[in-house]
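Residue numbers (my numbering), protein chains in the order written: chain G, 700 to 856; chain F, 700 to 856.
Derived from the structure by calculation, the hints contain no laboratory data. These numbers come from a predicted model, not from an experiment. Just to be clear, a hint being listed does not mean it is correct.
Each pair may be met inside one copy or between any two copies, as identical chains are not told apart.
[To be verified] With a cut-off of at most 16 Å between alpha-carbon atoms, the simulated EDC-like pairs for lysine to aspartate or glutamate come out as follows:
no.: 1; residue 1: LYS823; residue 2: GLU712
no.: 2; residue 1: LYS704; residue 2: GLU749
no.: 3; residue 1: LYS823; residue 2: GLU738
no.: 4; residue 1: LYS787; residue 2: GLU837
no.: 5; residue 1: LYS824; residue 2: ASP739
no.: 6; residue 1: LYS812; residue 2: GLU712
There are 2 protein chains.
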Amino acid sequence: MRNIKGVIRLTEERDEEMSLKLFVVLTRALDAIQKRVIEDIKHLGLNPTEFAVLELIYNKGDQPIQKIGEKVLIASSSITYVVDQLEKKELLERKLHPSDRRVKLATITQKGKTLMDEVFPKHKKGLQEIFAGLDVKEKEQLIDQLKKLGLHAQNLN
Amino acid sequence: MRNIKGVIRLTEERDEEMSLKLFVVLTRALDAIQKRVIEDIKHLGLNPTEFAVLELIYNKGDQPIQKIGEKVLIASSSITYVVDQLEKKELLERKLHPSDRRVKLATITQKGKTLMDEVFPKHKKGLQEIFAGLDVKEKEQLIDQLKKLGLHAQNLN
DNA sequence: TTCATTTATCTCGAATTAGTACTAATTCTA
DNA sequence: TAGAATTAGTACTAATTCGAGATAAATGAA
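Can you make the complete structure from the sequences, with help from the hints?
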């Protein structure tokens, strides 16, 4: 007779190993991808966070500082710093919110828009190259699974 | 007659959008996951890098400082700092390489081993919970695709 | 209205990490 | 085998990020 408990334990262990491995692979894959992207972005004189913030207001329009933090996943104190940097480079500006005086909006400047008009298409092309190993179906599938994962992880809080 | 070129262009655009989205989802998923893991690790009085270094020498034995950087994906200059911290906490020690005098090895101390004996299983359990949304098959599949992706991204260098 | 609470942003200080330049040891090569 | 080139590690510096309040404005309840 087979030892059922033993089999179950082995299956659990295997599952645990897979989780550990998945974590490592996920980390490494994103690390490799980000290295590429960061390299591309650096040539613009921007760091990844700055690019992310600029991209946000370039594509989604004026944003309250607060919202930027939520979308780009950065603490509000850090956003202050990043926006300062971008303001120094004259790529965006702060302006007052028309009705709520607590709020400051970040707006892209002409200079920022001109920059993004030039580089955003390149950014997309770059990502396209990076993900060229997968076809559309695979990408869709991966997106679904990763979404599931991300949501699950968040809900553990 | 259908406009073939138009169809092709639309397909390409869709593919580009998928790549962009995949990048965002990947980033967010890992971010959510890491936040969880970091939270868990913080309770041990370690930061994620320290844990990663300690885990490495706990599981793989003594390592040259150099190797640690490669495995944990951190600049060698930063490793110095991390190893300093761990040495202060008496969780590891530096010792000389027996034959190559340029090399210093990081070794885990008894205190470090005792700590890891206690927390590493918890770490695995934590990951298991995070990845509980997927079954073993899905994990395997995800691992394969992410490996493919990671390798492809690396080879673009 | 008035006062407590919430919300949005910022300041400051500390932690973490990357970059640069340097020393020491080893290896390669002419 | 001397001297150049490489490799390992570290010290120092600068950049980036977060967390803990501080401040000011808006909101809500009595």
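Item to check | Same-copy or cross-copy closeness of LYS823 to GLU738 [CA-CA at most 16 Å] | outcome: Within one copy only: 14 Å inside, 33 Å across.
Checklist entry - Is the C-alpha distance from LYS823 to GLU712 at most 16 Å within one copy, between copies, in both cases, or in neither? => result For LYS823 and GLU712, only the inter-copy Cα distance (10 Å) is at most 16 Å; the intra-copy one is 41 Å.
Item to check | Intra- versus inter-copy proximity for GLU837 and LYS787 (alpha-carbon distance at most 16 Å) | outcome: Neither. Shortest intra-copy (42 Å) and inter-copy (47 Å) distances fail the 16 Å Cα cut-off.
Checklist entry - When no copy is named, should LYS704 and GLU749 be tagged within, between, both, or neither for a Cα gap of at most 16 Å? => result Intra 54 Å, inter 36 Å, cutoff 16 Å: neither.
Checklist entry - 16 Å Cα cut-off: does LYS824 pair with ASP739 within a copy, between copies, both or neither? => result Intra 11 Å, inter 38 Å, cutoff 16 Å: intra-copy only.
Next on the checklist: I want to check one pair: LYS812 and GLU712. Are their C-alpha atoms no more than 16 Å apart within a copy, between two copies, both, or neither?
Outcome noted: For LYS812 and GLU712, neither the intra-copy (53 Å) nor the inter-copy (21 Å) Cα distance is at most 16 Å.
Hint violations for this structure: numbers 2, 4 and 6, all remaining hints satisfied.
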